[in-house]
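Under the working numbering, think of the first position of the sequence shown as 34, with each following residue one higher.
Check the hints yourself; a few may be wrong.
[Unchecked claim] Beta-carbon label-pair distances, calculated as ranges: (1) Asp461 - Pro519: 31 to 41 Å; (2) Asp293 - Leu446: 28 to 38 Å; (3) Asn133 - Asp293: 55 to 65 Å; (4) Asn531 - Asn498: 21 to 31 Å; (5) Pro521 - Ala467: 22 to 32 Å; (6) Glu465 - Thr87: 48 to 58 Å.
For the record, the hints were derived by calculation from the structure and aren't laboratory data. Ideal Cβ placement from N, Cα and C applies to all residues, glycine included.
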Amino acid sequence: MKYLYGLALLASLILWSSCRNDFETTPSTGNLEFSRDTVYLDTIFSNIGSSTYTLKVYNRSDDDILVPTVRLGEGEASNYRLNVDGLPGKTFEDVTILANDSIFVFVETTVDIAEETTGLNFLYTDQIQFDTGGNQQNVELVTLVQDAVFLFPELDDEGMVGTISLGQDADGNEVLIEGFVLEQDELNFTSEKPYVIYGYAAVPNGETLTIDAGARVHFHANSGILVANEASMKVNGAPSSDPELLENEVIFESDRLEPDFANVPGQWGTIWLTSGSTDHEFSHATIKNAVVGILMDDNDGNRTLTMDNVQIYNSSNVGLLARNGNVYGENMVINNSGQSSLACSLGGVYNFNHCTFANYWTNSFRSFPALQIDNVIPDVAENDLIEANFTNCIIYGSEQREIGIFQSENTSLQFNFNFTNTLFRFEDPNNEFAEDPNYDFGNDALYTNTVQNVDPVFQDVVFNNFNIEQGNSGAENLGVSETNPPVPIDLNGTPRGNPSDAGAYESIIFPKEEDNLP
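Let the sequences and hints guide you as you build the complete structure.
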């Protein structure tokens, strides 16, 4: 009997299901809802595809809805591309949205600015149209397209990407990277258009790459600039009147312009100032989101790199890595590095005045200090550290010890360093470094009028804002005003006081939260 009961129940279920209206739909009445009314596809370069953006379309009703058409306003001529619930195209018919459910619409674009306008910037628009006539609903699509100068390796006769040689490895094998040598007419980057570089752009022997104020230089993944033997790089940024636009700043960053990539480390390679290159100058420049911001190799006894008003952020390895370099910097800020923000490695000559070297890396574990000084790589090489002087600086971060000093056991090598009127973080609760003379903070010859483990009170380390708070910062009034050379103006363009504050900025009064309310 129980089997007959089971068969009867099964039959009733089949009969009931056959009478359901699962596949009956109601025509659209123009009552769809959207996750956004306008889809802004962030700025892209001409002929370079955008990221994919997502639009969600909701059916809030209790009925399954049939949308007769979903299409781009410009139809097949549109430069936008759609994917509607898994199907690619530009026009779709009979799109079903189940009751109290939703579908995804994915949007991309690629635009050739030359086909649309003769300007340098172009606002490209279209719309996604749902249904027609009185039931039509539109979602606007907006993209800013920038014209650019594209620099890239040529393909050889076999279709292989061009390479440049970095010399030979320890086994005598030639080391090649994808890249190309800049032509004579490419050695001046202007502010007229952004530059987009694929591979490594090499400055030829004995030549100078000049970058004008206001220039924007963008790098594709695994790309950068390489300055060859006896060549130079001159970055001629200037003070800007608009702190948001930074119209005269020279900015080096990746070619991903979407806000989600604005602070992602390691998107491109490095600016590599190779051994034998010389007389580099960087002024009013920002370098961000590289693997290594600047890599500076051996000096020839003369200064190889001079920097003023330079900021380096979000380097997945090191912000500034100098190996036996001869470097001078003032009004510099380096932060957010996977290893050290500043590495003065393998000896050399270094002088920094009114600089802030910080590290608040949060992407993963960090085992390197914000500042590392050494004159040896064990079993590789060692050199004299002729001098490493830090005057009126702040060296701070999220770790207990933000200074690391590593000296060769070869006592015949010079190892000279000094911190003067500088605030730094170095906590040693277990006295692990008590016997190391390089960490004798009471030695005036090494640590002159320094302040240790007092909060500098930065304004916003997450957004790389290293202004210090007036009345609360441990760096306030710490600086010695007479320096050689003098640095009378801070990174904001503000005249320094007497005494000055340590770091790249004079202290300011932080705005209160209520000051930002509408």
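Consistency of the hints with the structure:
1. Asp461 - Pro519: 31 to 41 Å: 35 Å, holds
2. Asp293 - Leu446: 28 to 38 Å: The hint (28 to 38 Å, Cβ to Cβ) is violated, given that Asp293 and Leu446 are roughly 47 Å apart.
3. Asn133 - Asp293: 55 to 65 Å: 30 Å, violated
4. Asn531 - Asn498: 21 to 31 Å: 25 Å, holds
5. Pro521 - Ala467: 22 to 32 Å: 40 Å, violated
6. Glu465 - Thr87: 48 to 58 Å: This hint holds: roughly 51 Å between Cβ atoms.
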